[in-house]
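Q: First to last, the protein sequences are chains A, B, C and D.
All the letters of the first sequence, read from the start, carry residue numbers 1 to 312 under the numbering used here.
All the letters of the second sequence, read from the start, carry residue numbers 1 to 312 under the numbering used here.
All the letters of the third sequence, read from the start, carry residue numbers 1 to 312 under the numbering used here.
All the letters of the fourth sequence, read from the start, carry residue numbers 1 to 312 under the numbering used here.
Keep in mind the hints are simulated off the structure, nothing from the lab.
Relax, there's no trap hidden among the hints.
Pair by pair, the computed Cβ-Cβ distance ranges are: (1) D:N28 / B:G216: 36 to 44 Å; (2) D:N162 / A:T8: 55 to 63 Å; (3) A:E9 / B:E189: 54 to 62 Å; (4) A:K285 / D:K251: 49 to 57 Å; (5) D:E189 / B:D211: 53 to 61 Å; (6) C:Q119 / B:P67: 35 to 43 Å; (7) D:V282 / A:K251: 48 to 56 Å; (8) D:S209 / A:T47: 52 to 60 Å; (9) B:G208 / C:E9: 32 to 40 Å; (10) D:V89 / B:G208: 19 to 27 Å; (11) D:V89 / C:Q182: 33 to 41 Å.
Taking lysine to aspartate or glutamate pairs in the EDC-like style, the calculated list, with each CA pair at most 16 Å apart, reads: (12) C:K285 / C:E51; (13) B:K214 / B:E250; (14) A:K41 / B:E51; (15) C:K41 / D:E51; (16) C:K285 / C:D275; (17) B:K41 / A:E51; (18) D:K41 / D:E190; (19) A:K214 / A:E250; (20) C:K285 / C:E181; (21) D:K41 / C:E51; (22) B:K232 / B:E190; (23) C:K205 / C:D164.
Just so it is clear, the structure is predicted and the values come from calculations on it, not from any experiment.
Where a beta carbon is used, it is the ideal one built from N, C-alpha and C, also for glycine.
4 protein chains.
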Amino acid sequence: MAANTDLTEGQVREFFSTLSNWGKWGSNDQLGALNYITPQKRAQAATLVREGYPVSMSLPLATQPGPDNPTPVMHLMMQTGASGETSMVPVPYSADYFAIAPHGLANTHLDALCHVFNQGKMYNGYPSSDVTTQGAKNGAIDALKDGIISRGVLIDIPLIKNRDWLEPGEAISPADLEAAEQYGGFSVEEGDVLFVRTGRHARLKGKGSWDSFKEGMAGLGAACLPWLHGRKIAALGSDGASDVLPSGYEKIMLPIHAVTIVAMGIHLLDNCMLDAVAEACVAKKRWTFMCVVAPLVLVRGTASPVNPLAIF
Amino acid sequence: MAANTDLTEGQVREFFSTLSNWGKWGSNDQLGALNYITPQKRAQAATLVREGYPVSMSLPLATQPGPDNPTPVMHLMMQTGASGETSMVPVPYSADYFAIAPHGLANTHLDALCHVFNQGKMYNGYPSSDVTTQGAKNGAIDALKDGIISRGVLIDIPLIKNRDWLEPGEAISPADLEAAEQYGGFSVEEGDVLFVRTGRHARLKGKGSWDSFKEGMAGLGAACLPWLHGRKIAALGSDGASDVLPSGYEKIMLPIHAVTIVAMGIHLLDNCMLDAVAEACVAKKRWTFMCVVAPLVLVRGTASPVNPLAIF
Amino acid sequence: MAANTDLTEGQVREFFSTLSNWGKWGSNDQLGALNYITPQKRAQAATLVREGYPVSMSLPLATQPGPDNPTPVMHLMMQTGASGETSMVPVPYSADYFAIAPHGLANTHLDALCHVFNQGKMYNGYPSSDVTTQGAKNGAIDALKDGIISRGVLIDIPLIKNRDWLEPGEAISPADLEAAEQYGGFSVEEGDVLFVRTGRHARLKGKGSWDSFKEGMAGLGAACLPWLHGRKIAALGSDGASDVLPSGYEKIMLPIHAVTIVAMGIHLLDNCMLDAVAEACVAKKRWTFMCVVAPLVLVRGTASPVNPLAIF
Amino acid sequence: MAANTDLTEGQVREFFSTLSNWGKWGSNDQLGALNYITPQKRAQAATLVREGYPVSMSLPLATQPGPDNPTPVMHLMMQTGASGETSMVPVPYSADYFAIAPHGLANTHLDALCHVFNQGKMYNGYPSSDVTTQGAKNGAIDALKDGIISRGVLIDIPLIKNRDWLEPGEAISPADLEAAEQYGGFSVEEGDVLFVRTGRHARLKGKGSWDSFKEGMAGLGAACLPWLHGRKIAALGSDGASDVLPSGYEKIMLPIHAVTIVAMGIHLLDNCMLDAVAEACVAKKRWTFMCVVAPLVLVRGTASPVNPLAIF
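In isolation and in its complexed conformation, chain A is listed as follows (with noise of 0.2 Å):
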């Protein structure tokens, strides 16, 4: 395990200038990192589907609160179907109505570029204060409409150190990034969605639920921040916050969220649950697929929930 303290809080600062996309797809861009996955990207994505076999890496929506879901999803019925009610109606139906919180620790969910801001710019440049009561003028998420479509690459930490789970503080260096790649025979190219797994599902199951702002939680240590606008990756996704909590930098309390999606313009992929795209990987002897994320098309929205795909 590296310490995420490698780096100097001022030597993280300086990524938001030597790791920035700004300005680099256009002035207008919405789409950030997304612009790494061209139309052949995508063809070749497809490719991966030799099995025909999908596998969810998302949660179910989070209804009941603990220490990471302060917010729960609200989730009602408006018509059930009793037997009192359907014999009310023309047509006997059941529907119900759902409440929801995307961002936080609890949902699966998709990070918009508008999401996160340093000195009051967002990504490409454009200033915070875009994003008002009335939505987000520019990074929201709508502009992903037509989804998420490349391969998919899942590193598994806890599989090539072999144990069940990271602890929560615990950083991952480049260099397990590349002892994953050497692992599973694959290396993270443009357009990847890259997605790391720390094992955090798995250690809920044995440990139980804990606060991961106030007791930490596995992720990515700062140092890695290079090496993913290195390889150029098109999204990130993890089963945590793809940061390493506590960062141990005062001021920069999340650098890989603040600098892949202010500086790079990497759209994240929160809470995913990939326990079981691992297994999947692991019997199939294969990291990449072809990965589709659908985000709800919510206008001058901030994020959407979403059931990310893996297709083998």
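Given the structure of chain A, go ahead and fit chains B, C and D onto it with the hints provided.
A: Chains B, C and D alone, transformed into the frame defined by chain A:
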């Protein structure tokens, strides 16, 4: 245009038994006609990705009230990018919240098999009382957590009739469906996800909104039911409610909904936005594509808002 | 009927300074004109309870959409009394849930002093930037947690004009207010909670709903502002928005809202249901009563739905 | 302290018939014990307003999750006072939105008579099936639209025991209630709204939060039921759930809730904040006051959040 009343109400009612798939996939089955999608079917569907060109088949979440939208989606901001706000937190960010009643005529959504009942029962004979305020014990949307992946087929009725749209109340007949097959050089096959376009959104754009329950809506006539059953489609989508409104039957208000969902176990995709995919089909001169639908994992839910993707 | 444009827009604008109560109750004041209600005033108000007869001045929460209700209250059940449900829990019970956007023209609510701004400032000079997504730092509704208890006075304009209701767009003048005093044998005094009835709900009953922002609404003309200031009322309620719509002023859309709330620090009670209290007043031949308003303690809130009570 | 198990479960169960008020006020009655409040009682209550001093008996709406608050109130802003926002609208304003599940142990609320069932029936014999997803056909909260106005009486158990608070699980006995009457020089009478203080919020302040369903809560023992019935109180409030937790009875988890609401038709005010009113009572050396409760008019609702006022 075929009148929807080619069949008597009694004849339609018989479809609940003559077109039934109850028990076909076991007494505990939760997937219904999605069982027609085999791994091979999925793998073949992926081979339709040639240009690497994805198209959303979803409307934006409907936040504005209107005649077809009595319960608008509430989209609110929990945190904006206003300077006073972002200076208060260690990671300056924005976040939103939304509440949705997915059913109805306003939002693109996937109906679960528990959504409609007939005579106190849902698909496969489960009692309607399985759906309580705690959600659905059977036929719930989370049974589809691994998504729907298959060949998508677009039947574009205005195209083959050389019109901009069908008028409210116009019923589509089996002959119309077959004319579209003929026109497009394809045949609807086992396991396909069938999308039927009536031009609803072109009409909305051209003539403004109307109240579909009061003034009618174009859609499939009840006479299409044996055809859909015979073709063994896996799921059915449309730019409206699939059903023509009014149906012409006093006690079976929505025969397509009722018979496909309850008897045949067919999941419906209501209120899809099919204009962009229709244009793509014309441009590419092919009406088949890889279709991916990834519902949110709403445990015991009766539906999910979705963003169905057509990938060419 | 007085035309609302007796005054020029410039004259109305001057009211922001000439009718200002800023600083009158200290630079930290949160109560505004409610300071006019002394303990003695409350005790006197209680002496108006003679028959022990209470009347609600609230509409039902507005769950149905309509031209004046774009964001209907969502009222959903978390648990019903269906037998299958009550048998599952140790204490059989039912429970509900509701979501409300209290402002607007549909629900009876109490506006907090932070609800309206003029030139970047709210009552007492607090900056509008005090109201963020975290709520209001000043002028919030929870400052009124001990309620509003005072003499209530009803001015029933249709009654004195011998009509069923005022028409949309009709402006009430100071002369009208004084005619009502004359008619009822009372005088509006310091600390009173004044309710002004236009007959809006009688008209709704008789002629159906209309879009008040488009088609107009009866209410107080801007010429009433000096009168309200001179009488030192503590709060102002009406069966509409207090303001006549349209106001006739291009840049001051709601002069009563703006000047009473921002300059005078008067809390408004919008969309009261005044028909029952009006009948009670006629029956008892008195237009004064004990008034009790008990807002929910919504910390940093901009309003509360309320059920104002008139007690005779 | 009396043990709560002075009575056997069978004896408590008998209270459903021996303490029943079913039919007492007619077979269509919706008000239950509120019928004890006569116009004269209200008028007398108003004479208790001497100093003109009101005190809220409500907690703030509970927006923070906690062991007793699994479904926090969502309070969100629809519009803030940020300059970019207020410049966009003709009337610069702020507005909020909130969603609440009023029942539970976190929010001050008034239970409707439809809230609890016993053996498939609610108060007055109405079937529990009257409560569907469309709300309650009988026993709903909107029957109380004209509010509860009566004499309020505070019984402050920690005061008479010379302690700061009762401990979780401590049961209050009839002897305790009578000791408080003795101490305060009053007698609980027909039509009173009785508030019983256990010191719950003093304990919260002193020792932090706990999980009341798991760790217990002080409250009335089942032995108080005949006493409450004999005194003919109109409504019952407390700073907890009225009931002591755990009740000691396996199948009657909340005997006070069950017997008062179902058998006696007594409306409960749960989770009141009684510290300020307790201080006022001590200061004024009187434990009786005018009590006003004004529930929101939620048609067919099972409860309303309320801000009960004590007026001295």
